[in-house]
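From first to last, the protein sequence lines stand for chains A and B. For the first sequence, position 218 (counting from the first letter as 1) is numbered 218 according to the working numbering, and the numbering increases by one without interruption. For the second sequence, position 265 (counting from the first letter as 1) is numbered 265 according to the working numbering, and the numbering increases by one without interruption.
Rather than coming from a laboratory, the hints here were simulated on the basis of the structure. Wrong hints could be hidden among the right ones.
What the hints assert, rightly or not - Output of the computed footprint for chain A on chain B, the stretches with three or more beta carbons under 8 Å from beta carbons of chain A:
(1) 40-49
(2) 234-241
Unchecked claim - Here are the in silico distance ranges between beta carbons for each label pair:
(3) A:Pro107 <-> B:Met49: 31 to 41 Å
(4) A:Pro240 <-> B:Ala252: 50 to 60 Å
(5) B:Gly244 <-> A:Arg217: 23 to 33 Å
(6) B:Glu239 <-> A:Asp25: 21 to 31 Å
Quick caveat, the model's predicted, so the values are computed rather than measured. Note that beta-carbon positions come from the ideal geometry of N, C-alpha and C, so glycine has one too.
Number of protein chains: 2
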Amino acid sequence: MLHNFKISNFDLHLYLASKRKQINDSLIDILNDISSSGRIVKAMKYSVMAGGKRIRPIMCIAAAEAVDGKPENVLIVACALEMIHTYSLIHDDLPAMDNDDLRRGKPTCHIAFDEATAILAGDALLTFAFQTLSSIELINKENALRWLSVIHEISLAAGCEGMIEGQMKDIASEGSLLALDGLQDMHSLKTGALIEASISSGAILGGGNPKQIEKHRIYAKNIGLAFQVTDDILNIEGEPAVLGKAVGTDKAHNKNTYPSIIGIEKSKEYAKELVNNALQALDYFDNKANPLRAIARYIIERKR
Amino acid sequence: MLHNFKISNFDLHLYLASKRKQINDSLIDILNDISSSGRIVKAMKYSVMAGGKRIRPIMCIAAAEAVDGKPENVLIVACALEMIHTYSLIHDDLPAMDNDDLRRGKPTCHIAFDEATAILAGDALLTFAFQTLSSIELINKENALRWLSVIHEISLAAGCEGMIEGQMKDIASEGSLLALDGLQDMHSLKTGALIEASISSGAILGGGNPKQIEKHRIYAKNIGLAFQVTDDILNIEGEPAVLGKAVGTDKAHNKNTYPSIIGIEKSKEYAKELVNNALQALDYFDNKANPLRAIARYIIERKR
Numbered sequence: 001m002l003h004n005f006k007i008s009n010f011d012l013h014l015y016l017a018s019k020r021k022q023i024n025d026s027l028i029d030i031l032n033d034i035s036s037s038g039r040i041v042k043a044m045k046y047s048v049m050a051g052g053k054r055i056r057p058i059m060c061i062a063a064a065e066a067v068d069g070k071p072e073n074v075l076i077v078a079c080a081l082e083m084i085h086t087y088s089l090i091h092d093d094l095p096a097m098d099n100d101d102l103r104r105g106k107p108t109c110h111i112a113f114d115e116a117t118a119i120l121a122g123d124a125l126l127t128f129a130f131q132t133l134s135s136i137e138l139i140n141k142e143n144a145l146r147w148l149s150v151i152h153e154i155s156l157a158a159g160c161e162g163m164i165e166g167q168m169k170d171i172a173s174e175g176s177l178l179a180l181d182g183l184q185d186m187h188s189l190k191t192g193a194l195i196e197a198s199i200s201s202g203a204i205l206g207g208g209n210p211k212q213i214e215k216h217r218i219y220a221k222n223i224g225l226a227f228q229v230t231d232d233i234l235n236i237e238g239e240p241a242v243l244g245k246a247v248g249t250d251k252a253h254n255k256n257t258y259p260s261i262i263g264i265e266k267s268k269e270y271a272k273e274l275v276n277n278a279l280q281a282l283d284y285f286d287n288k289a290n291p292l293r294a295i296a297r298y299i300i301e302r303k304r
Numbered sequence: 001m002l003h004n005f006k007i008s009n010f011d012l013h014l015y016l017a018s019k020r021k022q023i024n025d026s027l028i029d030i031l032n033d034i035s036s037s038g039r040i041v042k043a044m045k046y047s048v049m050a051g052g053k054r055i056r057p058i059m060c061i062a063a064a065e066a067v068d069g070k071p072e073n074v075l076i077v078a079c080a081l082e083m084i085h086t087y088s089l090i091h092d093d094l095p096a097m098d099n100d101d102l103r104r105g106k107p108t109c110h111i112a113f114d115e116a117t118a119i120l121a122g123d124a125l126l127t128f129a130f131q132t133l134s135s136i137e138l139i140n141k142e143n144a145l146r147w148l149s150v151i152h153e154i155s156l157a158a159g160c161e162g163m164i165e166g167q168m169k170d171i172a173s174e175g176s177l178l179a180l181d182g183l184q185d186m187h188s189l190k191t192g193a194l195i196e197a198s199i200s201s202g203a204i205l206g207g208g209n210p211k212q213i214e215k216h217r218i219y220a221k222n223i224g225l226a227f228q229v230t231d232d233i234l235n236i237e238g239e240p241a242v243l244g245k246a247v248g249t250d251k252a253h254n255k256n257t258y259p260s261i262i263g264i265e266k267s268k269e270y271a272k273e274l275v276n277n278a279l280q281a282l283d284y285f286d287n288k289a290n291p292l293r294a295i296a297r298y299i300i301e302r303k304r
């Protein structure tokens with residue numbers, strides 16, 4: 001049974017769709033502002049607009065709203081987070097890494113363009129994220145230090161002490177058996193760190209106080225892991241047609257997953273426990289945190 | 001004949017050696033502060049410490065000194081610039097790009113490690129540069145907006161409107177003949193933009209006024225091109241033993257160079273003209289700009 005909370009009159013799917021539209025519109029605007037228009041910009045736009053769930057930017061905005069911040073004040077951070085996420089997917093898909101030809105049913109960047117362009121498009125999106133995060137004409141001057149701390153937190157989460165170290169651990173673990181803490185550690189770095197930075201940056205720039213930001217971090221850590229555990233479960237029990245991708249691939253590739261280490265039933269219990277922890281951290285907030293609450297529940301109930 | 005200026009009691013080689021030591025010490029300190037110590041950090045350190053000339057960070061410091069700024073105030077920017085430069089070399093050397101096995105006589109990153117590690121080490125250095133640039137505990141709070149503008153300028157210079165677009169143009173021009181303005185445009189983006197950002201960021205954080213920063217930019221644009229023209233000349237007339245690499249390679253690969261387009265004598269005249277323009281821009285400054293003056297002269301007189 002999930003931690004008790006009531007969400008009246010709140011339609012998560014409407015919320016997600018509306019935020020997704022706001023983020024997509026903003027991403028298009030920002031990418032269209034690039035002065036050059038050659039092949040590299042085409043590749044950047046191709047991958048960014050290839051249809052992601054926009055989970056990180058939505059969480060960033062929802063975190064700002066939970067502390068009574070305005071979504072428009074964190075929109076460029078939300079977009080920068082999606083650029084960083086997209087760059088990581090482009091590079092992960094490269095022949096030297098996962099060598100994937102398809103992502104979300106579309107050719108990956110190095111297939112649609114070529115390998116050199118894909119490497120550079122990833123580099124360019126990562127760089128452009130920081131260019132976007134430092135657009136001083138959009139930044140309230142009194143908040144300059146907060147913006148610097150957000151840039152620092154995001155780069156820390158994305159770099160060799162975060163996402164990139166997680167990807168290295170993922171590569172290193174191929175073909176070998178991980179224990180639960182090794183798997184936990186890998187996911188915390190590979191996906192958890194950027195999810196936490198998405199939520200904390202929303203809370204920081206939304207004007208959250210230290211206690212609120214701390215509660216957001218607890219929420220984020222739990223949600224990040226729950227998201228991964230559910231991904232692993234869906235790879236076993238999901239419907240390929242609903243999921244939009246094949247199932248059973250983890251087992252076929254001998255991947256370390258929560259079900260492979262602790263079994264499928266314990267994985268489901270663990271996902272619920274994580275979501276409960278996340279919801280408890282939100283007890284500190286009023287109904288402005290309802291989107292975060294609904295997202296937490298959605299994460300383990302989703303079918304895709 | 002070079003633009004008239006006198007530099008008394010100034011030993012450029014001593015200056016370069018002393019700054020290079022300061023930068024190397026600082027780079028080692030910053031890289032040793034990374035909390036993880038796995039393969040990715042080894043690859044980052046390997047490439048950063050593979051023995052570059054440190055021209056960009058030295059210019060950043062010299063620009064700060066020219067406006068009476070303290071070197072130690074721009075040292076982290078100088079280091080971040082070298083990280084960005086190093087990341088660009090790691091990715092340029094990849095099999096999908098220039099496919100180079102050696103750089104400065106040492107195995108390139110993907111040879112010394114592997115391709116996936118080299119891609120991620122480049123990504124990590126780029127990300128770590130921004131992490132370094134936003135280390136708020138090192139930043140004077142009153143200067144936060146200046147730091148944001150420097151982050152913006154560096155990301156603009158390194159990204160899809162600067163260095164990366166230049167690399168795309170370089171790849172696209174292979175095997176086809178460029179006109180002089182096409183070559184100029186490619187170099188201005190590929191190397192010029194980051195050199196200009198190195199100098200302007202030093203001037204901005206050194207406390208330069210708008211007029212001083214403008215003069216620095218003129219200096220930088222001219223120096224950046226002069227550096228490239230001289231590189232092209234050295235590829236024809238250099239001594240391999242002094243240069244540390246083979247000559248004649250541009251011609252063998254049918255590369256577009258200044259000598260191939262305007263001839264070697266006109267290239268030499270053009271390099272002098274560019275350095276003269278750079279020196280004229282420095283007339284605005286007192287003898288604190290002597291390092292920049294000496295660097296300008298050195299750039300076309302160097303044998304390697």
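Range hint compliance [Cβ, B:Glu239 to A:Asp25, 21 to 31 Å]: violated (58 Å)
Distance restraint evaluation - B:Gly244, A:Arg217, Cβ atoms, bounds 23 to 33 Å: Check failed, 50 Å falls outside 23 to 33 Å.
Coverage of the region 234-241 of chain B by chain A (three or more Cβ within 8 Å): Answer violated; 0 residues pass the 8 Å Cβ test.
Just to be sure I understand the hint, the distance between the Cβ atoms of A:Pro107 and B:Met49 should be within 31 to 41 Å; is that true here? holds (39 Å)
Coverage of the region 40-49 of chain B by chain A, judged on three or more residues with CB within 8 Å: holds (count 3)
Looking only at beta-carbon atoms, does the pair A:Pro240, B:Ala252 fall within the given range of 50 to 60 Å? holds (53 Å)
In terms of the numbered hints stated before, the structure departs from hints 2, 5 and 6, listed from lowest to highest.
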